[in-house]
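Participant: If you want the building blocks of each chain, they are given just below.
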Amino acid sequence: MNIAKHWRQNGARYRLEGQRHRDGTLRFPAQSLQPGEAAADWQPEQLARQGEVFSFTVQRGGAAGFDDAPWTIIALVQTAAGPLVTAQLTDCAPDEVAIGLPVELVVRRIGTPVADGLLVYGYKFRPRLLM
Amino acid sequence: MQKVFIAGAGCTPVREHYERGLLDLALAALGDALDTIPASRVGALYVGNTLGDLGADQGQLGAYIADAAGMAGCEAVRVEAAGASGGAALRQGYLAVASGQHELVVVLGVEKVTDKLDAHLQTAQALGLHGEIEAAHGLTTTGAWALLMQRYLYEHGVAAEAFAPFAVNAHANAVANPNALYRFPISRAKWAGAAPVAAPLNMLDCPTLADGAAAVVLVSEALARRWEAPAVQILGSAAATTTVALAQRADLLALEAAARSGAQALAQAGLSRADIDVLELSDPHGITAVLALEALGYAERGAGTRLAAEIGRAGRLPLAIGGGMKARGDVGGAIGVYQIVELVQHLRSSEAQVALAQCLGGSGSTAVTHILSRA
Amino acid sequence: MRQPLRAVGITGYGVYVPRYRIAAREIARVWADSDGALPVTTKSVPGPDEDTITLAIEACHNALARAAVSPQDLAAVWVGSESHPYSVKPSGTIVAEAIGASRWISAADWEFACKAGTEAVSAGMGLVGSGMADYVLAVGADTAQGRPGDALEYTAAAAAAALIIGPAESALARIEATLSYVSDTPDFFRRADRPYPVHGQRFTGEPAYFAHISAASRQLLADLGRTAQDYTYAVFHQPNVKFPQTVAKQLGFTAAQCAPGLLAGEVGNSYSAAALLGLGATLDVAQPGDTIFVASYGSGAGSDAYSLVVTDAIVERRNRAPLTAAYLARQTLVDYALYAKWRGKIAV
Chain A
1 MNIAKHWRQN GARYRLEGQR HRDGTLRFPA QSLQPGEAAA DWQPEQLARQ GEVFSFTVQR
61 GGAAGFDDAP WTIIALVQTA AGPLVTAQLT DCAPDEVAIG LPVELVVRRI GTPVADGLLV
121 YGYKFRPRLL M
Chain B
1 MQKVFIAGAG CTPVREHYER GLLDLALAAL GDALDTIPAS RVGALYVGNT LGDLGADQGQ
61 LGAYIADAAG MAGCEAVRVE AAGASGGAAL RQGYLAVASG QHELVVVLGV EKVTDKLDAH
121 LQTAQALGLH GEIEAAHGLT TTGAWALLMQ RYLYEHGVAA EAFAPFAVNA HANAVANPNA
181 LYRFPISRAK WAGAAPVAAP LNMLDCPTLA DGAAAVVLVS EALARRWEAP AVQILGSAAA
241 TTTVALAQRA DLLALEAAAR SGAQALAQAG LSRADIDVLE LSDPHGITAV LALEALGYAE
301 RGAGTRLAAE IGRAGRLPLA IGGGMKARGD VGGAIGVYQI VELVQHLRSS EAQVALAQCL
361 GGSGSTAVTH ILSRA
Chain C
1 MRQPLRAVGI TGYGVYVPRY RIAAREIARV WADSDGALPV TTKSVPGPDE DTITLAIEAC
61 HNALARAAVS PQDLAAVWVG SESHPYSVKP SGTIVAEAIG ASRWISAADW EFACKAGTEA
121 VSAGMGLVGS GMADYVLAVG ADTAQGRPGD ALEYTAAAAA AALIIGPAES ALARIEATLS
181 YVSDTPDFFR RADRPYPVHG QRFTGEPAYF AHISAASRQL LADLGRTAQD YTYAVFHQPN
241 VKFPQTVAKQ LGFTAAQCAP GLLAGEVGNS YSAAALLGLG ATLDVAQPGD TIFVASYGSG
301 AGSDAYSLVV TDAIVERRNR APLTAAYLAR QTLVDYALYA KWRGKIAV
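Read top to bottom, the protein sequences are chains A, B and C.
Under this note's numbering, the residue at position 124 of the first sequence is numbered 124, and the numbers go up by one with no gaps.
Under this note's numbering, the residue at position 253 of the second sequence is numbered 253, and the numbers go up by one with no gaps.
Under this note's numbering, the residue at position 294 of the third sequence is numbered 294, and the numbers go up by one with no gaps.
Simulated from the structure, these hints should not be mistaken for laboratory data.
Don't take each hint at face value.
As a list, the in silico DSSO-like pairs of lysine-lysine whose alpha-carbon atoms are at most 30 Å apart [said to hold, decoys possible]:
1) C:Lys89 with C:Lys249
2) C:Lys242 with B:Lys116
3) C:Lys249 with C:Lys341
4) C:Lys89 with C:Lys242
5) A:Lys5 with C:Lys242
6) A:Lys5 with B:Lys3
7) C:Lys249 with B:Lys116
Coverage of chain A stretches by chain B, computed from C-beta distances (three or more under 8 Å per stretch; other residues unrestricted) [unchecked claim]:
8) 43–49
9) 69–77
10) 85–93
11) 98–111
Only a predicted model underlies this, so the values are computations on that prediction, with no experimental measurement involved.
Even glycine gets a Cβ: it sits at the ideal position worked out from N, Cα and C.
The following block holds chain A by itself, in its conformation from the complex (with noise of 0.2 Å):
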């Protein structure tokens, strides 16, 4: 079971914040600094909340702890004039989701909770409720 792993990513996890560099590079999620690269140079950002499906799968089974239903939809989103971010489509059925879906963030439990385990929020995106 992983703690400290998780907390250390609230930040991208709760709001999709990523960095974005002073020349007007965002990335997703904030990343440790590459040589060469000034800490004063980046600024966390949210990310916008809507987006679009820009590609999916319906996956059957999956890994463990994601194993109990009978698939998953797992997307790449293209956010609002921002970087491309992959997470699970909540609230949508494998016929509702199409590239080009609108869709918008919010946070859900992620994998099957285990007994005595921390309980992992994040993001997922769900199809959005006013289009």
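Got chain A sorted already, so can you dock chains B and C onto it with the hints?
Facilitator: Okay, now just chains B and C, sitting in the frame of chain A:
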């Protein structure tokens, strides 16, 4: 740099080897490849393996296997680069001989997976993806290729059925390979009716993870000449990497590592892709083979599926002659070595002169390419 | 009645109702001999990845959007629920982190059966009304559990509602006064570490729900010198459809006054969210100058009553976030099998 030759090659059948452990499989392949060469002559052992920890509960495979194989305390390490582990190990072996550091090394690819249940293996395989922003959200390696395929279908207006010939070809070729997991042909109709696994990938567009080991013996030119054995030369060897997470790639549908390692290996060999007589690629799914073929320049972007007519044994571009990952079986980190064993056998028994082998790690973030030629 | 030194009000409100519903007759199909009189038509069911915390987060985002208050300006994030995902570990800190609140806040969880949310509201009035803070985020959220086959199972639902309590001058509704009435009445309880509550059947009615709501409401009306006719709308805790209708009638409120805020027939009993959700739906339709009477109820037992006056700000602010109707419209019915799986009622 000195020339490097392949003096021996061997493998176990790819199976659900419930009765055999990782060491059993490794020793069987080593025995097959070394044949009459005493294990004590091995200067170094490079083990390509990706699931040893979570799949076989064993680390430090170098020492673990070298000692059991009687390699007399030689240098031995595991090389890990997800599905490209075998190719990466081969490159380490190649560099060791080419540099003059060793005159004889063994490259082993081994994977033992069937002790574990499926969900656990999916987790283990997904270690080749980005842990925090891909696998942590439930994405599997198969799912990653499905994301690429879905986008490919959309951008290029290609139907999923256009990928069927790659699985059909793999199965057709496996019939003649006694080491293949699935030695039966499949039809396009059967492919089209297969149940979805990670849409748009279906059951017959996905490989089965299974157990197996393959090994090759690399020697210096001096040793190859002394032995006068029918040898295959490694003319080119190149590895490249690109961004691990799909979402962070500059160009999603370009396998940049595959393109770079392929171009470098060909350049080193002084050859062009037109010189290649036979190909082995990481081809767990049709989309993977198609993107690799496009990266290697065999087709324009979006046109890779049109090569389907040419990938048969008699075609211009024979692909997956041993059955590929789909029908020979997905042996994880051993794939890169199985490819070499199959190509060595092919080069020794056919008119083909030059072969290209490329294996990919994760969703294509590592690529290792080797060019082989009949010596 | 109680009134703060500094006048306070609701700066922003937000609701959330999960997408999924189960029909009461589907539950009756599994458990009852006949489908006779059912307490609700449908109830909301949280999706398999939802819990009180995730429900609360979305309601809070909606409240912040309406208030146009920076999350950094909140002084407290308080989450009332009887289904906090952790027994020990605050929901409040997770919600606060998720909405981007400052770390220099009070974050805490409240528990008082179905009035845990309004407890947080009243406390927020205290914090803002005393001048100690400008904005407090108070949430009622629940993913309530009913023992399979129990009468509660027909109604135990899921939803969240969040209010940002702030100074009256920038409020979309001023809170004129509040009053709480409590007694040790064990009509409904759940022991620590037990999955399902126990209730006293008809004992939950007259001596519990009706006695407490009536006491709090009558006293607040009397203190204000008002009657039911003085209000445009009224909202009462709604464990089913009949109870709030009955108590409203006893207090002199009409069905029309209660209609916009009576959602139990569709949503079920959303416990800590119920009264605040009804208030949210009422604010969705209210006009400047309208008055709203609200009384929550929590088993064990108590009631918090409030008197509100809607301001001009409501007109522009309510459209900054989805209206309750948008959540109610996107309903997907699930059968008992899927509901049982999602709610952890299948022993694996």
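Participant: Next, verify each hint and record whether it holds.
Facilitator: Each hint, compared with the structure:
1. C:Lys89 with C:Lys249: Measuring from Cα to Cα gives roughly 41 Å; hence the hint is violated.
2. C:Lys242 with B:Lys116: violated, 55 Å
3. C:Lys249 with C:Lys341: violated, 39 Å
4. C:Lys89 with C:Lys242: violated, 36 Å
5. A:Lys5 with C:Lys242: violated, 49 Å
6. A:Lys5 with B:Lys3: violated, 47 Å
7. C:Lys249 with B:Lys116: Given that 30 Å is the threshold and the Cα spacing comes to 65 Å, the pair is violated.
8. 43–49: violated (count 0)
9. 69–77: holds (count 4)
10. 85–93: holds (count 4)
11. 98–111: holds (count 3)
The structure fails hints 1, 2, 3, 4, 5, 6, 7 and 8 (numbered hints given earlier, in ascending order).
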